[in-house]
Amino acid sequence: MTLANSPNEVVLEVENLCTYFSTRWGTVKAVDGVSFELRRGETLGIVGESGCGKSVTMLSLMRLIPSPPGEIVNGRIMLEGQDLLQLSENEMSKVRGSQIALIIQDPMTSLNPVFSIGSQVNEAIRIHQDIPKRSILEHTLEVLRKVNIPAAESRVKDYPHQLSGGMRQRVVGAIGISCEPSVLIADEPTTSLDVTIQAQYLKLLKDLQQQSNLALIFITHDFGVVAKMCDRVAVMYAGKVVETGGVRDIFNNPSHPYTEALLASVPKLEEDVERLYAIEGQPPALHDLPPGCSFADRCPYVMERCREEYPAAFQVSESHQAACWRLA
Amino acid sequence: MTTTGQPPETVTPGPALLEVRDLKKYFPVTKGLLLSRTTGYLKAVDGISFRVERGKTLGIVGESGCGKSTTAKLLLMLEEPTEGSILFEGEDIHQANSAQRKEYRSSVQAVFQDPWSSLNPRMRVKDLVGEPMVINWDVPHRQVEERMQKLLNDVGLSSYHANLYPHEFSGGQRQRLAIARGLSLNPKMIVLDEPVSALDVSIRAQIMNLLKDLQQEYGVSYLLIAHHLATVRYMCDWVAVMYLGQIVEYADVKELYNNPLHPYTKALMSAALPSHPDIEQDEIILTGEVPSPLNPPSGCRFHTRCPFAMDRCSVEVPETREIAPGHTTSCHLY
Ligand SMILES: Nc1ncnc2c1ncn2[C@@H]1O[C@H](COP(=O)(O)OP(=O)(O)O)[C@@H](O)[C@H]1O
Ligand SMILES: Nc1ncnc2c1ncn2[C@@H]1O[C@H](COP(=O)(O)OP(=O)(O)O)[C@@H](O)[C@H]1O
Ligand code: SF4
Ligand SMILES: [Mg+2]
Ligand SMILES: [Mg+2]
Numbered sequence: 001m002t003l004a005n006s007p008n009e010v011v012l013e014v015e016n017l018c019t020y021f022s023t024r025w026g027t028v029k030a031v032d033g034v035s036f037e038l039r040r041g042e043t044l045g046i047v048g049e050s051g052c053g054k055s056v057t058m059l060s061l062m063r064l065i066p067s068p069p070g071e072i073v074n075g076r077i078m079l080e081g082q083d084l085l086q087l088s089e090n091e092m093s094k095v096r097g098s099q100i101a102l103i104i105q106d107p108m109t110s111l112n113p114v115f116s117i118g119s120q121v122n123e124a125i126r127i128h129q130d131i132p133k134r135s136i137l138e139h140t141l142e143v144l145r146k147v148n149i150p151a152a153e154s155r156v157k158d159y160p161h162q163l164s165g166g167m168r169q170r171v172v173g174a175i176g177i178s179c180e181p182s183v184l185i186a187d188e189p190t191t192s193l194d195v196t197i198q199a200q201y202l203k204l205l206k207d208l209q210q211q212s213n214l215a216l217i218f219i220t221h222d223f224g225v226v227a228k229m230c231d232r233v234a235v236m237y238a239g240k241v242v243e244t245g246g247v248r249d250i251f252n253n254p255s256h257p258y259t260e261a262l263l264a265s266v267p268k269l270e271e272d273v274e275r276l277y278a279i280e281g282q283p284p285a286l287h288d289l290p291p292g293c294s295f296a297d298r299c300p301y302v303m304e305r306c307r308e309e310y311p312a313a314f315q316v317s318e319s320h321q322a323a324c325w326r327l328a
Numbered sequence: 329m330t331t332t333g334q335p336p337e338t339v340t341p342g343p344a345l346l347e348v349r350d351l352k353k354y355f356p357v358t359k360g361l362l363l364s365r366t367t368g369y370l371k372a373v374d375g376i377s378f379r380v381e382r383g384k385t386l387g388i389v390g391e392s393g394c395g396k397s398t399t400a401k402l403l404l405m406l407e408e409p410t411e412g413s414i415l416f417e418g419e420d421i422h423q424a425n426s427a428q429r430k431e432y433r434s435s436v437q438a439v440f441q442d443p444w445s446s447l448n449p450r451m452r453v454k455d456l457v458g459e460p461m462v463i464n465w466d467v468p469h470r471q472v473e474e475r476m477q478k479l480l481n482d483v484g485l486s487s488y489h490a491n492l493y494p495h496e497f498s499g500g501q502r503q504r505l506a507i508a509r510g511l512s513l514n515p516k517m518i519v520l521d522e523p524v525s526a527l528d529v530s531i532r533a534q535i536m537n538l539l540k541d542l543q544q545e546y547g548v549s550y551l552l553i554a555h556h557l558a559t560v561r562y563m564c565d566w567v568a569v570m571y572l573g574q575i576v577e578y579a580d581v582k583e584l585y586n587n588p589l590h591p592y593t594k595a596l597m598s599a600a601l602p603s604h605p606d607i608e609q610d611e612i613i614l615t616g617e618v619p620s621p622l623n624p625p626s627g628c629r630f631h632t633r634c635p636f637a638m639d640r641c642s643v644e645v646p647e648t649r650e651i652a653p654g655h656t657t658s659c660h661l662y
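Residue numbers (this note's numbering), protein chains in the order written: chain X, 1 to 328; chain G, 329 to 662.
Chain X extracted, bound-state conformation (with noise of 0.2 Å):
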C-alpha cells in the first residue's frame, strides 16, 4: 500500500452494513444499511440514545456478533485496505487488537478480577506475536506508562481491586493501545464516572492519539463527549444513521429533526435554558419498524410522504449529510 502512512489516508470504510438477529418476535434489524469513514488520527462520534445499534454497529466491526442469534446479513467493512467480512475466523482473531481494538469505558465490567493487570495488558501481546518472556514484560511497562500509571514496575503484578477508579480505566485504555492498533473504539461506560475521571481519561484518549495518529471512535448518548472530543459525527437512530457531518455542521445546524430535538433536550453548563425539549414517546420496536421515516411518530415536522417512504439521504452541506424529507 503506497498510501499506507499518509495522515488523512482513509483507515475505515464501512459500507451498507446489516446486522440481524432472529428473535421470537421476528428479525430485529439493529443495524440496517449504516455506512461511514473514518481517517487516521481522526475521531467520528456516534450519538444515540440506548438501543439505537451504537454497541452492535461496533461488535459487527470487531466481528463479535454472537451468532446465532445475531448476523451480519450485508455489507463491507474495509479495513486498511481488506474487507474483515471475507476473513477466516483465524485471520479474524489476527486482525481483532492489532489492528482494531475495542475497548468498554467501564471499568467494572472490563477487567477480569483474577488475572493481573500486567497479564490483561499482554494477553494481545502474547497472541499476535511471538516474542520472548522478557520483552513481553518490558513492552507491558511501556504501555503502562503510556497511560500514565506510576511505578509500573511495582503495579503490573496488581490485580483490578488493588487500584482506584481512574487507574482501572487507564489500564481498560492500555489494553486497548498494547498492540498499536490503527483503529480504536470506546465505547460509553453504563455506569457514569465521575466528572474529574472521565476528564482524565478523555484527555488521555486525545494524548495517545496524538501520539500515533490513531483513529478514534467515540460511541455515546453524550453530546458533551462530542463537543469535546469528536471532529466528525454519525447520529443513529433506530438502526440506521439519520445524519452525518463534521463536528461543527451537526451543532450549528442540525438537520435531521431527531438531532435538532435531541441537542434541545440537554442542559447547558455554559448557560440557562428556560425549558428543556422533551421527545415524546419511544424509539420504535427495531422487529416491527414502520414503512417511512422511523421518527416520523415523534417527529414534530412529519408530512404524509415521511409514512410511506424511507427518506434518502440529503446533501446539506459538501461534508454533511441527512435522511428526512424536509430537505427534498
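Keep in mind the hints are simulated off the structure, nothing from the lab. All of these numbers come straight from a predicted model, not from anything done at the bench. Backbone N, C-alpha and C define an ideal beta-carbon position, used for all residues, glycine too. Treat the hints with care, as some may be off.
Said to hold, decoys possible - Chain X regions said to be covered by chain G (calculated; three or more residues, Cβ under 8 Å):
id: 1; segment: 110-119
id: 2; segment: 127-140
id: 3; segment: 159-173
id: 4; segment: 222-230
id: 5; segment: 243-251
id: 6; segment: 259-269
As the list claims (entries may be wrong) - Just a sample of chain G residues kept apart from chain X, beta carbon distances all over 12 Å, derived:
id: 7; residue: LEU370
id: 8; residue: ILE414
id: 9; residue: SER445
id: 10; residue: PRO460
id: 11; residue: TRP465
id: 12; residue: HIS469
id: 13; residue: SER498
id: 14; residue: ASP541
id: 15; residue: SER598
id: 16; residue: ALA599
id: 17; residue: GLU611
id: 18; residue: GLU617
id: 19; residue: ARG633
id: 20; residue: GLU650
id: 21; residue: PRO653
What the hints assert, rightly or not - One side of the interface only, derived from the structure: several residues of chain G facing chain X at Cβ under 10 Å:
id: 22; residue: THR358
id: 23; residue: LYS359
id: 24; residue: ALA400
id: 25; residue: ASN464
id: 26; residue: VAL467
id: 27; residue: ARG470
id: 28; residue: SER530
id: 29; residue: ARG532
id: 30; residue: MET563
Place chain G with the ligands on chain X using the hints.
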C-alpha cells in the same frame, strides 16, 4: 467563624423549610474479633450547614464518596447524625416527639437513582403508589384509589398502568412511578439522589421537566444530588459543592456558575463537558482522586490536589467567608 459553611441568612430571612446546622456523620471503623475494636472514624459528613427554601431546589454536587448520599440518608432519618441538627420548619427533628417525627417522615420523601431497587417488584403499581397512604393516613379506600389515579396522571402515566408490575415498565416509566410514590403523601420536600443519571438523554429531559412542573404545581422543595453540573444548573436554585464531607462553596445557581470561587468548584466546572465544540474551557485537570475520608488531609482538605495551594493551605483550616451576598466559600485565596 467556624470551619463549616454557614447558611447565607442575608438572602431569605425567616425560617427555611429545612435547615441543617453543622451536621456530622462519623462511621466507626472496627477491627478484631467480631469487629469489637474501634480503630478510627470515617468522617463521611463532617460539619455541613445549608438550608432548603419552600418550593425551591438545593443541589449538592461533588465526586463520589464526598458524602452526598450520607447527607440524604441523614435527612431521611435512615442514619442517626453523630452531631449537629436538622431543623424542619424551625423544629429540631431529633428533639421532637414521636408524632412529630412521624409527621416529618411523611413530609420528606425520596426518589433514588435506580428505580429498580426502590420499587418492590412484587407489588402492583396501584399498591406501590397507594401503600404510603394506606399506612400513614386513615382514609377510605375509595379516596386512596382516586388519589392514586390522580398521581399516575400527574406523572404522565395512565390508569391503564395501575395493574402492572414495575418490571413491565421502561426505566423512564419506573422513575415516573417512583416520583408518583414519592408524592403520594403530599410531602413538603423530596430528596432526589441522582434521579436521572441512569436514564437515556431524551428520557432525562422528560423527567427533569416533570419534576419542575410538579414543583410549580405543588410547591414542593427538592434536595437534588447530582454529579452532572449542567443538570444541576437547569434544576436548582441554590448549590452546595461538597468535598470530603464538607461544603466548600455555597451560592445561588447563577452566582455559582458565573463566578465560581473555590478551586475545587473551578476544577469541576472545567472537567464538565462543554455544550458546543467552540467553547474553550480552562484546563484544570485534577490529578489523582479524592483522598480517603478515613484520614483526610490536614489544613484545607483539598490542598493535595489544588493547583493553587500555598504553604498555609496544608496547615491552616480555611474559614468559611461570605464573598458576595449569599455566596460563601472556604479557601485561603479569599
Ligand atoms: N444478542 C441479541 N439478541 C437480540 N437482539 C439484540 C442482541 N443484541 C442486541 N440486540 C438488539 O439490537 C438493538 C441495538 O442494540 P445496541 O447496539 O446494544 O444499542 P446501543 O448500543 O445503541 O444502546 C437493540 O434493540 C437490542 O435489543
Ligand atoms: N454505612 C457506612 N459505613 C461506613 N462507611 C460508609 C457508610 N456509608 C457511606 N460510607 C462512606 O462514607 C463516604 C461517603 O459516602 P457517600 O455518602 O455514599 O458518598 P457519595 O454519595 O457522595 O458518593 C464514603 O467514603 C463511603 O465509603
Ligand atoms: S422524514 Fe419526516 S418524520 Fe422523518 S424526520 Fe424528517 S420530517 Fe420528521
Ligand atoms: Mg451500547
Ligand atoms: Mg451517592
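Hints, one by one, checked against the model:
1. For the segment 110-119 of chain X, the stated coverage by chain G is violated: 0 residues have a C-beta nearer than 8 Å to a C-beta of that chain, whereas at least 3 were required.
2. With 0 residues having a beta carbon nearer than 8 Å to a beta carbon of chain G, the segment 127-140 of chain X misses the requirement of three or more and the stated coverage is violated.
3. A stretch counts as covered by a chain when three or more of its residues have a beta carbon under 8 Å from one of that chain; for the segment 159-173 of chain X and chain G the count is 3, and the coverage holds.
4. Figure legend: the segment 222-230 of chain X, annotated as covered by chain G; annotation consistent (8 residues with Cβ-Cβ distances under 8 Å, at least 3 required).
5. Coverage of the segment 243-251 of chain X by chain G holds [criterion: at least 3 residues with CB-CB distance below 8 Å; count 3].
6. For the segment 259-269 of chain X, the stated coverage by chain G is satisfied: 7 residues place a CB nearer than 8 Å to a CB of that chain, which reaches the threshold of 3.
7. With a least beta-carbon separation of about 17 Å from chain X, G/LEU370 lies farther than 12 Å from that chain, consistent with its non-interface assignment.
8. Consistency note on G/ILE414: stated as away from chain X, and its beta-carbon is indeed over 12 Å from all of that chain's, at 27 Å minimum.
9. Remark: the non-interface label on G/SER445 is consistent with the geometry, its nearest Cβ contact in chain X lying 14 Å away (cut-off 12 Å).
10. Non-interface call for G/PRO460 relative to chain X: holds, since the shortest CB-CB distance, roughly 27 Å, exceeds 12 Å.
11. Residue placement check: G/TRP465 keeps its beta carbon more than 12 Å from all beta carbons of chain X (closest about 33 Å).
12. Look at G/HIS469: its CB is around 34 Å from the nearest CB on chain X, clear of 12 Å, so calling it non-interface holds up.
13. Not every Cβ of chain X is farther than 12 Å from the Cβ of G/SER498; the closest lies at roughly 7 Å, contradicting the non-interface assignment.
14. The claim that G/ASP541 is not at the interface with chain X is violated, since a C-beta of that chain comes within 12 Å of its own (minimum 10 Å).
15. Remark: the non-interface label on G/SER598 conflicts with the geometry, its nearest Cβ contact in chain X lying 8 Å away (cut-off 12 Å).
16. Not every C-beta of chain X lies more than 12 Å from that of G/ALA599, the closest at about 4 Å, which undercuts listing it as non-interface.
17. Against the 12 Å criterion, G/GLU611 falls within the reach of chain X, whose nearest CB is about 8 Å from its own CB.
18. Look at G/GLU617: its CB is around 5 Å from the nearest CB on chain X, not clear of 12 Å, so calling it non-interface is violated.
19. Taking the minimum C-beta to C-beta distance to chain X, about 9 Å, the non-interface status of G/ARG633 is violated against the 12 Å cut.
20. Every CB of chain X is more than 12 Å from the CB of G/GLU650 (nearest about 24 Å), matching its label as outside the interface.
21. Every Cβ of chain X is farther than 12 Å from the Cβ of G/PRO653; the closest lies at roughly 20 Å, confirming the non-interface assignment.
22. At about 21 Å, the closest approach between the beta carbon of G/THR358 and any beta carbon in chain X exceeds 10 Å, and the interface hint on this residue is violated.
23. Violation of the interface hint for G/LYS359 is found here, the shortest Cβ-Cβ separation to chain X being roughly 20 Å, above the 10 Å cut-off.
24. The criterion of a C-beta within 10 Å of any C-beta in chain X is not met by G/ALA400, whose closest approach is roughly 17 Å, and the hint is violated.
25. At a threshold of 10 Å, the smallest CB-CB gap from G/ASN464 to chain X is about 32 Å, leaving the interface hint violated.
26. For G/VAL467, the suggested interface contact is broken, since its CB lies about 34 Å from the closest CB of chain X, more than 10 Å.
27. With 10 Å as the threshold, the beta carbon of G/ARG470 stays out of range of chain X, its nearest partner Cβ sitting at about 33 Å, so the hint is violated.
28. For G/SER530, the suggested interface contact is upheld, since its CB lies about 4 Å from the closest CB of chain X, less than 10 Å.
29. The interface hint given for G/ARG532 holds, since its Cβ lies 7 Å from the closest Cβ of chain X, which is under the 10 Å cut-off.
30. The beta carbon of G/MET563 is positioned within 10 Å of a beta carbon in chain X (closest approach about 8 Å), and the interface hint is therefore held.
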